[in-house]
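Quick note on the numbering used here: the sequence shown kicks off at 1 and runs consecutively.
Keep in mind the hints are simulated off the structure, nothing from the lab. There could be a bad hint or two in this list.
[As the list claims (entries may be wrong)] Dumping the calculated DSSO-like pairs for lysine-lysine here, alpha-carbon to alpha-carbon at most 27 Å: (1) K74 - K237; (2) K206 - K158; (3) K244 - K185; (4) K237 - K49; (5) K237 - K46; (6) K150 - K20; (7) K122 - K74; (8) K20 - K49; (9) K49 - K74; (10) K49 - K122; (11) K237 - K185; (12) K206 - K237; (13) K122 - K46; (14) K20 - K46; (15) K46 - K150; (16) K74 - K20; (17) K244 - K206; (18) K46 - K74; (19) K20 - K158; (20) K20 - K237.
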Amino acid sequence: MKREDIAYYYQPIVSAVTGKIRALEALMHVEMSMLKSSEDVLRLAKEEKCLHDLERITFFCAAEGYCRLRANGKVRGDELLFVNSIASEYMTDEECREFRQRYLDIRSQLVLEITEQELLSKEALERKTTKGFLGAVALDDYGSGYNSEKSLLALSPKYIKVDMVIIRDIDTDIDKQQIVANIVKYAHQRGMYIVAEGVETAEELKKVLELEVDLLQGYYLSRPAATPGAINPDALKIIEENRKR
Numbered sequence: 001m002k003r004e005d006i007a008y009y010y011q012p013i014v015s016a017v018t019g020k021i022r023a024l025e026a027l028m029h030v031e032m033s034m035l036k037s038s039e040d041v042l043r044l045a046k047e048e049k050c051l052h053d054l055e056r057i058t059f060f061c062a063a064e065g066y067c068r069l070r071a072n073g074k075v076r077g078d079e080l081l082f083v084n085s086i087a088s089e090y091m092t093d094e095e096c097r098e099f100r101q102r103y104l105d106i107r108s109q110l111v112l113e114i115t116e117q118e119l120l121s122k123e124a125l126e127r128k129t130t131k132g133f134l135g136a137v138a139l140d141d142y143g144s145g146y147n148s149e150k151s152l153l154a155l156s157p158k159y160i161k162v163d164m165v166i167i168r169d170i171d172t173d174i175d176k177q178q179i180v181a182n183i184v185k186y187a188h189q190r191g192m193y194i195v196a197e198g199v200e201t202a203e204e205l206k207k208v209l210e211l212e213v214d215l216l217q218g219y220y221l222s223r224p225a226a227t228p229g230a231i232n233p234d235a236l237k238i239i240e241e242n243r244k245r
């Protein structure tokens, strides 16, 4: 983190209606023998009291990588950019000013994806949403934490990302289907959008489409990559068939 030597891959988030890429999520890509995942980095940053540094690096590096992809014609340039934000942390006023100056043209495309690994700080949330970030807020990993409903009420997010633990085998699990049906109904009544995370099979995709989620994300559609790839043709066919019905 001192060298800011952290790479970010981008995973498409796809419209459940058209199959087109609506957004990209910036995901930390770890290639170190002692650190195997972003969770390892987050845990170590917490132990070393570097969570603020990780928050700052994530925002700047994710935005810089997206702008580079856009400048090189690797993405359309109008996608939303989901950036994972630590619930208890926020950038300083000086860092916010620098971010606004450098990435003025994509501010409205930002979606602050609030993770539940840390306790939600009201002060942090207020500062994030009043310091020039013109985009939206997403609640990440809904259904996996003990504070999911509390966080939902506190954030009132535009996007609710249903955790992959619930999406896994949803085609055969009636209880999981009911959970998603309930949150879809709740969200749509309030103008919110549901993202099904971790879609990994054709059967899971068919079921979440049947349950009327709005957006799709997962390996079955497209894996994270330094340069986002095309959407799986088989997944697109399923989405098209569902739309016709």
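Results for each hint:
no. : hint        : in the structure
1   : K74 - K237  : holds (24 Å)
2   : K206 - K158 : holds (24 Å)
3   : K244 - K185 : holds (22 Å)
4   : K237 - K49  : violated (47 Å)
5   : K237 - K46  : violated (43 Å)
6   : K150 - K20  : violated (32 Å)
7   : K122 - K74  : violated (37 Å)
8   : K20 - K49   : violated (40 Å)
9   : K49 - K74   : violated (36 Å)
10  : K49 - K122  : holds (20 Å)
11  : K237 - K185 : holds (26 Å)
12  : K206 - K237 : holds (11 Å)
13  : K122 - K46  : holds (19 Å)
14  : K20 - K46   : violated (37 Å)
15  : K46 - K150  : holds (23 Å)
16  : K74 - K20   : holds (15 Å)
17  : K244 - K206 : holds (13 Å)
18  : K46 - K74   : violated (34 Å)
19  : K20 - K158  : holds (19 Å)
20  : K20 - K237  : holds (12 Å)
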